[in-house]
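Chains as they are written, first to last, in our numbering: chain A, 1 to 500; chain B, 1 to 112; chain C, 1 to 518.
In case anyone wonders, no lab produced these hints; they're calculated from the structure. Please note that the accuracy of each hint is not assured.
Stretches of chain C that chain A covers, calculated by requiring three or more beta carbons in the stretch to come under 8 Å of a beta carbon on chain A [said to hold, decoys possible]:
#1 184-198
#2 331-338
Sample of chain A residues at the chain C side, in silico, Cβ under 10 Å [claimed, not checked]:
#3 W58
#4 L142
#5 F418
#6 P487
#7 H492
Quick list of the computed label-pair ranges, beta carbon to beta carbon [to be verified]:
#8 A:A442 to C:T299: 24 to 34 Å
#9 A:M219 to B:A29: 55 to 65 Å
#10 A:V280 to B:Q60: 18 to 28 Å
#11 A:P242 to B:G15: 42 to 52 Å
#12 A:V280 to C:D73: 26 to 36 Å
#13 B:F85 to A:V32: 29 to 39 Å
The beta-carbon is built from N, C-alpha and C at its ideal position, and this holds for glycine as well.
The residues making up each chain are set out below.
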Amino acid sequence: MSLTQSIDYAAISPPLVVVVTAVAVLLADLFVSAEVRRRLLAPLALAGTLGALGATAWLATGPARSTFCLAGGGCSYVADGFATYFQTIVLAALVVVLLLSYPLFDERERVPPGQVPAAEFLALMLMSVSGMLVVAAGRDLLTLLIGLEVVSLPAFVLVGLRRGDPRGVEAALKFFVFSVVSTALTIYGIALVYGTTGSIELHHIAHALSTRHAHSGAMSATAAAGVVLVLVGFGFKIAAVPFHFWAPDTYQGAPVPVAAFLSVASKAAGFAGLIVLLVVGFRPYADVWGPAVGVLAAVSMTVGNLVALRQRNVVRLLAWSTVAHAGYLLMPLAVASSQLREGVRATLAYLGIYAAMNLGAFGCAVLVRRLHPRLAIEDLRGLVTRAPLTAVAFGLFLTALAGLPPGVAGLFAKVVVFRAAVHGHVTWLAVVAAVNTVIGLAYYLRVAALMFVPADDAPVAPSSRTWSVSAGVAIAAAVTVVLSVYPQPLLHLASTAAQR
Amino acid sequence: MHLSLALLLSALLFGVGVYGVLARRNAIALLMAVELMLNAANLDLVAFDAWFKDALHAGQVFALFVVVVAAAEVGVGLAIVLAVFRLRQTVAVDELRQLADVDPVLRVDADA
Amino acid sequence: MDVTSSSNFPWVTVLALLPLIGTLGIMLTPRESHDTVKRVALGTSLVTLAGTVAMCLEYKTNGARFQFVQSYDWIKAFGVHYAVGVDGIALVLILMTAVLTPVIILASWHEAEDGKRGVRTFFALLLATEAIILGVFGSLDVFLFYVLFEAMLIPIYFLIGSYGGPRRSYAAVKFLLYSLAGGLLMLVAVIALFVVSAHRLKHGTFDYRALLAGDLHIGHGEQVALFLGFFIAFAIKAPLWPFHTWLPDAAAEAPTGVAVMLVGVLDKVGTFGFLRFCIPLFPWAARELAPYILGLCVTGILYGALLAIGQRDMKRLVAYSSVSHFGFIALGIFAFTTQGGSGATLYMVNHAFSTGALFLVVGFLASRRGSRMIDDFGGAAKVAPWLGAAVLVAGLSALSLPGLSTFVSEFLVLVGTFTVHRWFAVVAIFGIVLAAVYVLWMVQRTIHGPVREGIETFRDLGSREAWVIAPVLAVIVVLGIYPKPLLDAINPAVKHTFSTVRPHDPAPSVPVTLGGPR
């Protein structure tokens, strides 16, 4: 037996590029003078991200590649359409988030309060993303778990990285506590699954589970408990109710770009892992997790929307809205039957559209924060006269999240998941979601309408470093508009990604 | 040794850990409770591995990774706890209430 | 097949794009050059008008039901198409829009100069509104229609909210909320229609013609629900009593030109929607609910007229008179007779010009006196005879004087209704009597009688004002004498529209070629 393993470096190129960039950023911070750092670090990180994006695009055009394979079949890392779909979303989100966070950076030795040290921030974010890229391609429990940990550990630090910010560290601690507890539950669940199947490789697990499931008894019950525990752990990652408690506090306390990062990229990674687990590994136990996912979805959207109704802070409102969207994203997975493939396709399509509109909404919150640091919803009154473009963009994203024109992309997303739910015979869930959509309209439109109340203020001139934020919002807006007019390519990509 | 003995011990450890997470308010104690939960899982993994006589030793390998994960978590966690203590002079999680659904706007006002 | 084949020129797309190009052109001109902006706006609207006239000349009245059709897959996964084309009803409404827009732009020449948002935005928004409305009338895909239907709100909201009177903010938000509420109901119905079509046809589609041809046979309960979803949205937009309360506020606060756009053109989308969607797609529900709807119409006719009598603000008076007129239009539509439907369609056009003329002359009066209150006027005709004459003609058209265009349509509506619902028609006639009261009262108190203080210095119609009002009054007179070309285009389309709900007109039938009084 050979002790060396052949590794397909092309398959793992996206996370590889990202990690190398992260190390390069840290090294540059050590060895380069402050003057050069200012101009070097952020562009370096952006270039690395774009490079990884290019690698992903190249992988997406070719056939699926696998690496870290076992002799008995089954690979730990598979760069197929599913993986590249998620990797593209995560990397594109990272590009926007980097643009949004540029004004936060400070490259000096002693970082003033309210800023973040640029090199640490960039390196941590890149490392977190490398974890996401691995989760999207991971096909065994160990790879998925390590990937998730690589996502989470830097994220804790990112949340509390703002200097001298007591709310930032509070947010970080809450995020940390909930996350490690959920990880512990996941690992225990994995241990039970391993114990009943004898493998950590997902296809083997599926095979073993189907024979286990046939003979009910202690082993079958143990396996079911393991499946549910793993599900609970992922419920925390995607902030589904009742595992959502960390999300609003963390998003509010974190720097807004980090909140955007968590709500889009981190959630996407969580869904990537969840879908792989449910569809590949735990498929034989669909009768166990199907109803559980359905209940999670229904409760998430209902609680998220109802609590969002009474929020008075923009970021908290968006945080609760992401909780509700976790429910919409879970809804098609509750199908758990022969129609599951269409469900997965719907979730993927929803996620792509959600990424664009939610990043944009958080980006607008970054822009608004410059005018109104406390980000109270009431501050938005008459925003259209003070910052017309921001108000228009924010209006677009909010209507998209609500699923109304002019943000038609959000409407398409809703229709996709509704259709999947109805086709998969979980009509009750579709009805719950319809009611929730109406509740959602109430708070999204309240905010949107408030911005467009005519006021008599003068426009405020933009400050020097916010151009990058505007660029990030512009990218999100452009993507949202394109998806509103012509969503066909995304829907097509989502359905090829789901064809595995 | 029968497999069920190891599993029972592991389940007990896990239960203690869960109780600790739910009952303790000190962040350090909470962290230790999480360690208990992780080690319960490790015990399971190793016990199953030995029981299966797994040729790949997946359970043992997994347990090693979990040890590393736990170490990393503790490292990051203690750093955060330290930062919290420096800025707030407390490590009790239920005293951290600057971020909550109770009148968030007014609270932010008080900060600014 | 030479007669029935229609040209393939994509008229609807071109006509909707022209104002959009104008909008872009306006946004590219320098901020300060107001005159350039206005000339570009007016020029664009005139080019659009020319294009529309060309389209009308090419339209074959005895041709296919939908002409100048273009249809491309837009979003295959949802059966959404970019499908446009016109039938006779859409054709005359597009023509109406294209004729009124230059008038509105000319009427708003000095409107935006003290606005918060500047001249450029104002005219850009006006042209954008025109483009969207042309698209709405021309769309042959339910989804496309819905998107444009909602998109109309945006420019109008800003036009009212930024350029309106003192209570503009309240009026704009009220308008928005009412419209959004209706739009939501319609959205639900649109999605439900897709689900139903996916169920009945092999694949779901939003293509209007496919839905018509597919013969959906929707179950009765579903029909009523879907019908109501569309109906309430359109009833709010039209507006039909009791969904009208946003209109007086919005129309009163909007600048004159925008008020004409809103009441004259935009609200016709509501009544157009009745004809386009509510009746052909859900015939059973339309038939069953028609008596109740006719009840609403008649109530609206009397209610609007009574409230108009009680108004002291002239703009609100015109707005309430419109509520009454919209009652007539809907009455004609839901009688399901060719005369009624054709009359109602003609009424839409005539009402746009008649109400437009009233808003315009009220705007002239108000700009001179600085007030819209009837009590502040008196004897204006003695000081400004031409202005007085314009007020008089506009007023007479509102009370449907024989010889003016509104008479023809009101007559057709009443005849069409009388043949099937005698008592509704009889009650509606009282609306005409009341119209005479409020119109004559207003005319008498503003332009006749002794010259009031502040009126002595009234200027007569300026050349710009004359250019604004003359075409509108000319249309009113011409259509009063010779409505045949429009009716020729409308009649086949109305017959098609009613073919599912009532294939044959009940006897006794009155010939619809009746061209008004000679």
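Cross-check of the supplied hints:
1. 184-198: Holds: 6 residues of the region 184-198 of chain C have a Cβ under 8 Å from chain A.
2. 331-338: violated (count 0)
3. W58: 27 Å, violated
4. L142: 37 Å, violated
5. F418: Cβ of A:F418 sits 7 Å from chain C, so the hint holds.
6. P487: 6 Å, holds
7. H492: Constraint on A:H492 satisfied, holds at 8 Å.
8. A:A442 to C:T299: 24 to 34 Å: 31 Å, holds
9. A:M219 to B:A29: 55 to 65 Å: Between A:M219 and B:A29, where Cβ atoms are some 35 Å apart, the hint is violated.
10. A:V280 to B:Q60: 18 to 28 Å: For B:Q60 against A:V280, whose Cβ atoms are near 24 Å apart, the range 18 to 28 Å holds.
11. A:P242 to B:G15: 42 to 52 Å: At roughly 20 Å between Cβ atoms, B:G15 and A:P242 fall outside 42 to 52 Å, so the hint is violated.
12. A:V280 to C:D73: 26 to 36 Å: Holds: the Cβ-Cβ distance is about 34 Å, inside 26 to 36 Å.
13. B:F85 to A:V32: 29 to 39 Å: Since B:F85 and A:V32 have Cβ atoms about 34 Å apart, the given range 29 to 39 Å holds.
Checked against the numbered hints above, the structure breaks hints 2, 3, 4, 9 and 11 and satisfies the rest.
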